[in-house]
Amino acid sequence: MARITLSDLKHSYMPNPTNDADWALKQLDVEWDDGGAYALLGPSGCGKTTLLNIISGLLIPSHGRVLFDDSDVTALAPEERKIAQVFQFPVVYDTMTVYDNLAFPLRNRGVTEDLVDVRVREVAEMTDLTAMLKNRASGLTADGKQKISLGRGLVRTDVNAILFDEPLTVIDPHLKFQLRLKLKELHHRVNNTMIYVTHDQTEALTFADKVVVMNVGEVVQIGTPEELFEVPHHTFVGHFIGSPGMNVLPCDIDNGAAHFAGQRVETANDADGVNGRKTEIGVRPEYVTFSDQGLDAQVIRVSDTGRFNVVETQCGGNRVNLLVGEGAEIPSETTKIAFNPERTRIYADGWLMGREASS
Amino acid sequence: MNKTVNHKAWFFVLPVLALVAFNAIVPLMTVVNYSVQESFGNNVFFWSGLTWFEEMLRSPRFHASLGRQLTFTFTILAIEIPLGVIIALAMPKKGIWVSVCLVLMAMPLLIPWNVVGAMWNIFALPEIGLLGKTLNSMGFDYNYTRQPGDAWFTLILMDVWHWTSLVVLLSYAGLVSIPDAYYQAAKIDGASSWAIFRYIQLPKMKRVLTIAVLLRFMDSFNIYTEPSVLTGGGPGNSTTLLSLDLVKIALGQFDLGPAAAMSLIYFLVILLFSWIFYTLMTRNEEQ
Chain A
1 MARITLSDLK HSYMPNPTND ADWALKQLDV EWDDGGAYAL LGPSGCGKTT
51 LLNIISGLLI PSHGRVLFDD SDVTALAPEE RKIAQVFQFP VVYDTMTVYD
101 NLAFPLRNRG VTEDLVDVRV REVAEMTDLT AMLKNRASGL TADGKQKISL
151 GRGLVRTDVN AILFDEPLTV IDPHLKFQLR LKLKELHHRV NNTMIYVTHD
201 QTEALTFADK VVVMNVGEVV QIGTPEELFE VPHHTFVGHF IGSPGMNVLP
251 CDIDNGAAHF AGQRVETAND ADGVNGRKTE IGVRPEYVTF SDQGLDAQVI
301 RVSDTGRFNV VETQCGGNRV NLLVGEGAEI PSETTKIAFN PERTRIYADG
351 WLMGREASS
Chain B
1001 MNKTVNHKAW FFVLPVLALV AFNAIVPLMT VVNYSVQESF GNNVFFWSGL
1051 TWFEEMLRSP RFHASLGRQL TFTFTILAIE IPLGVIIALA MPKKGIWVSV
1101 CLVLMAMPLL IPWNVVGAMW NIFALPEIGL LGKTLNSMGF DYNYTRQPGD
1151 AWFTLILMDV WHWTSLVVLL SYAGLVSIPD AYYQAAKIDG ASSWAIFRYI
1201 QLPKMKRVLT IAVLLRFMDS FNIYTEPSVL TGGGPGNSTT LLSLDLVKIA
1251 LGQFDLGPAA AMSLIYFLVI LLFSWIFYTL MTRNEEQ
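Chains A and B, in that order, are what the protein sequence lines are. Numbering of the first sequence is given in my numbering, commencing with residue 1 and proceeding in unit increments. Numbering of the second sequence is given in my numbering, commencing with residue 1001 and proceeding in unit increments.
Just chain B, same shape as in the assembly (with noise of 0.2 Å):
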């Protein structure tokens, strides 16, 4: 194929160029630009080098809620993504109840995040709220104000339904892709039920599992609204995430320079466990 040269088509591409700039290129180098200085205010800066990222790298405070944005994201990721199939497996193929499923389903996806952070506030409270009132009837010593496990238990417990419904509907339609005639053809194989979802469903659902479980991560990885909203960060620093950290590091402290550093830190270590997902999940399809 030979390929046309046409230098007026970089006029078409200019607008996009503009916008991407304006939007992701200009505010991601402003980024970059703090974390290689100092300022004292007034506005004044000073070249600072690479110390923002090695002071970063070596601090305490950031291992620590690195750690516990890992924990978070890990722990979601490992009851969502199992459940959204059990649940997707579990699903009507046909008939009027799909849509009732589906619908459900969807629900939780279309509250506003920090709506959903306010209603389960509200929820667990341990004396008005549904949830704790119940548990603590129950004989529960449930506090997630106070105590940090009941404080991780509500944050999961939130996350993963609001979020469950994604791999559901992402697995779902995985599924109802696959032709009846593998569903018979395994019956005349006389294939078990297990078999069935080893040899038939799960590869049917790689590709879309493949996307759950990478927006899945991106987006737990970077969530702020939820937590902000349930527990603002506490008990003490139980449930700060990465997020609310650099929030506190960035508006709180108004330290830019080390707020910068960690922010390409972090988008780094998104990056790198994106990658490491991707490679992984599709490594077998060039074979």
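Chain A on its own, in the form it takes in the complex (with noise of 0.2 Å):
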């Protein structure tokens, strides 16, 4: 168990990185509190992996440091760093029964057999093993062997971090759902650290306490499941997060004033300090509503979604999706729509104004 700080930390493939798009992970700081549950959640090709595996030590960094409590890791082979691994495809031992696969790891260590057996007997209970241990691991579904790779970074008592890098990325979507409570359920229970490396929001939402949101090689924003919704420090996150993701929309800013369709907005933040960066209004479909007065608008098209209807409107040369609750009246085309003014943002050159002030 350890506090994870990483420190000034870059990467680079390239053995002479020039530009910045040379740099796979660019400028990182980052602490990892003790026993947490984090969720590294951005795009494909963000940087996400590479920094698992910088903090699982199958890659050494090309600039800064990891401390793990206050030890400097950096140089440090994965095997010497006491951390486990879970990966995108299982990984197990074919030849071997499930309780061999779950014993490896201990008996590679050098532990006595009859500390292995209650191990073993311990984490194939907490992960529902203890059915199959006998059962070769070859021929076990795709969840199963999943929970077989968990399973063996569960077993030793010396992990300082759990990390799972897209582990759930073959499993049938009905058992998605239970695998992700079945690791919650196991987070509680062994109080590890565990850093869930995912491009898939609801993953990532549910599973984390902290969500680390990452673009190009970037961290953008560190925070709760509530407060990537709330208050998306980038409109990256906004859009990134949220279904449908948060309206984006240029503005003009006159007087500290957002001016948005030719119309004043009134906004949560004010734009001082701009100086002619390019300036956005970002607001979440759920705080746009219909309205009496506002801005003109017309209904383009409305999905329905089960339990409410993404409506998409064209306001200003732009779109604007509204989120509708079931039910509720939609007006035809032409009519107005409103920003909730506590829940409408400004950015500069995509960064959230103010964002020390609000956070």
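Note that these hints are calculated values from the structure, not bench results. Take the hints with a grain of salt, since some may be wrong.
Non-contacting residues of chain B with respect to chain A, defined by C-beta distances greater than 12 Å in every case (computed) [unchecked claim]: (1) PRO1027; (2) TRP1161; (3) SER1192; (4) LEU1202; (5) LEU1264.
Using 20 Å as the maximum straight-line C-alpha spacing, the simulated SDA-like pairs for lysine to any residue come out as follows [as the list claims (entries may be wrong)]: (6) B/LYS1206 - A/THR95; (7) A/LYS336 - A/GLY354; (8) A/LYS210 - A/HIS187; (9) A/LYS82 - B/ARG1061; (10) B/LYS1187 - A/LYS336; (11) B/LYS1187 - A/ASP100; (12) B/LYS1204 - A/ARG136.
Here a beta-carbon is modelled for each residue, glycine too, at the ideal position from N, C-alpha and C.
Assembly of the complex is requested from the two constituent chains, each provided in isolation within its own frame, with the hints serving as guidance.
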């Protein structure tokens, strides 16, 4: 168990990186508390797996340090770091039984058979593998194999952190939900630091206490699922999290206030210090409503998602989405829409204005 | 599923049947025909039942060549399979050296078999061959044309040189198909190199190794050209393997009956061993 600190971390897969694009990871300073459940969320190719491999020691960063508690482990090999990792595709030792698979990491470390037996049975019980202990691992389904991978991490008592690299990719949809719950439950039981890499927001938000959102090699925001939803620090976060994502609309700044489609828009933050950067307002579809007063808009399309309707409108030359409850009346064609001023924010060059004050 | 009944489809199979008949079934049946008949020349044949088979199975000469054949085959299998796996493990997995190694490995396989025999025949000559001369100048009394032990040594060395590559290429194909995640997981699990070999690499190579063992078994059991060119079966009969002996009986002595019976026994032995190997090596897969 340990607190994990990434200090001034950078990584490039090239020997001599010259420009920005050569870096798979740009400047990173993150601290992960002991026993926390974290998710690394971002689109494919944003550097999540690179970061995970640096933490696990499969990759040595080109720059910066990795600390477990206060000791520098940057140069240590994976087996010396005491971490466990579950990979995207299940890794099991085909010729062994489930029992031997679970016992493998302990036997490699010279643990006595008595203790191995106790630990294996305990972990098998936690991961619902007890009934299959005698079976050959190769005969299990994908979710069973992922449980074995996870179990091999859990049997060890010395594990600092368990890392997951998109572990549910090959799992059937109806089992994903169960396995996610299982992970959550296991986290509460073993109280280990868990870091979970995914590009699926649902997985990230349901699993983690804190989500680290990444984009093109950078951490954009670290926060609880609620923070990410309510106060996105970057338009990317607003757009990436939520379905549909946040409306991001170009605006002009006049006298410290935002103007969109020729009208003044009340916002939660003010625009001090914009200094000619590109400005946008961001508002989630949940906080846009039809109203008697407001911006002129045309309803273009309504999609029924079951519990609510996503209404697509055209407003001031931009597309604005609204989320309307099932059964609510939807005006036809021309109408007016209003943004909730508490939930509407100004962004400059993608970043939230006055970020320190609001968060 | 319902099977469609379409008798016209048989016409499409006919050409293949004709082809197989002419290159396999008819010759094999000719052999079966010879094996149960006696001939005294002039193309006159008499029914002789299973006498040739009985005679062959009791013949000390057949026992001796079968013994030599088994010794040869199992010796080269015991050397080529582990050696091939070791070389495959040592080969690079990335970079330009991969192609270099693969081409080097494929070279011996591309050389015609009688050329291999001729090459080694000259290479090992005690007076002028590089190998023979070197060994003799190092103080070994080496002469493969006169000493049976030396003949065997040369024969096995030649086969190892010629065919280990096949095992290497097959094993290598098995090795590179293992995803990186397995090695990473093994590292994290603290596995030793031996454990990685035993629990990851070997199981993943099992299928290709089954093929390698079967191919090497069958090919080495049938080997004719190379020993024929290298030693001609000598000195004496010391390197007369089954196929060499068979050719001597069939074409040298023109004893068609015994030769035919021997061919069939030979064929059944190969079939039996192949079946045993295959069964043993795939036994665990159904569990």
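Results of checking the hints against the structure:
Distance check for B/PRO1027 against chain A: the nearest CB is about 43 Å away, which clears 12 Å, and the non-interface claim stands. No beta-carbon of chain A is positioned within 12 Å of the beta-carbon of B/TRP1161; the least distance is around 33 Å. With a closest Cβ-Cβ approach of about 7 Å to chain A, B/SER1192 is found to fall inside the 12 Å limit, against its non-interface label. Under the 12 Å C-beta cut-off, the non-interface status given to B/LEU1202 relative to chain A is violated; the minimum distance is some 8 Å.
At roughly 39 Å from the closest C-beta of chain A, the C-beta of B/LEU1264 stays outside 12 Å, upholding its exclusion from the interface. Distance hint between B/LYS1206 and A/THR95 is fulfilled; the C-alpha atoms sit about 11 Å from each other, no more than 20 Å. The straight-line distance between the Cα atoms of A/LYS336 and A/GLY354 is roughly 29 Å, outside the 20 Å bound, and the hint therefore fails. About 13 Å separates the Cα atoms of A/LYS210 and A/HIS187, which keeps this hinted pair within 20 Å; it holds.
Of the pairs offered as hints, the one joining A/LYS82 and B/ARG1061 is violated, with about 66 Å between alpha carbons and a cut-off of 20 Å exceeded. Between the alpha carbons of B/LYS1187 and A/LYS336 the distance comes to roughly 61 Å, so the proposed pair goes past 20 Å and is violated. A distance of roughly 17 Å separates the Cα atoms of B/LYS1187 and A/ASP100; the hinted pair therefore holds under the 20 Å criterion. With a CA separation close to 15 Å, the supplied pair B/LYS1204 and A/ARG136 stays within the 20 Å bound.
When each numbered hint is compared with the structure, violations occur for hints 3, 4, 7, 9, 10.
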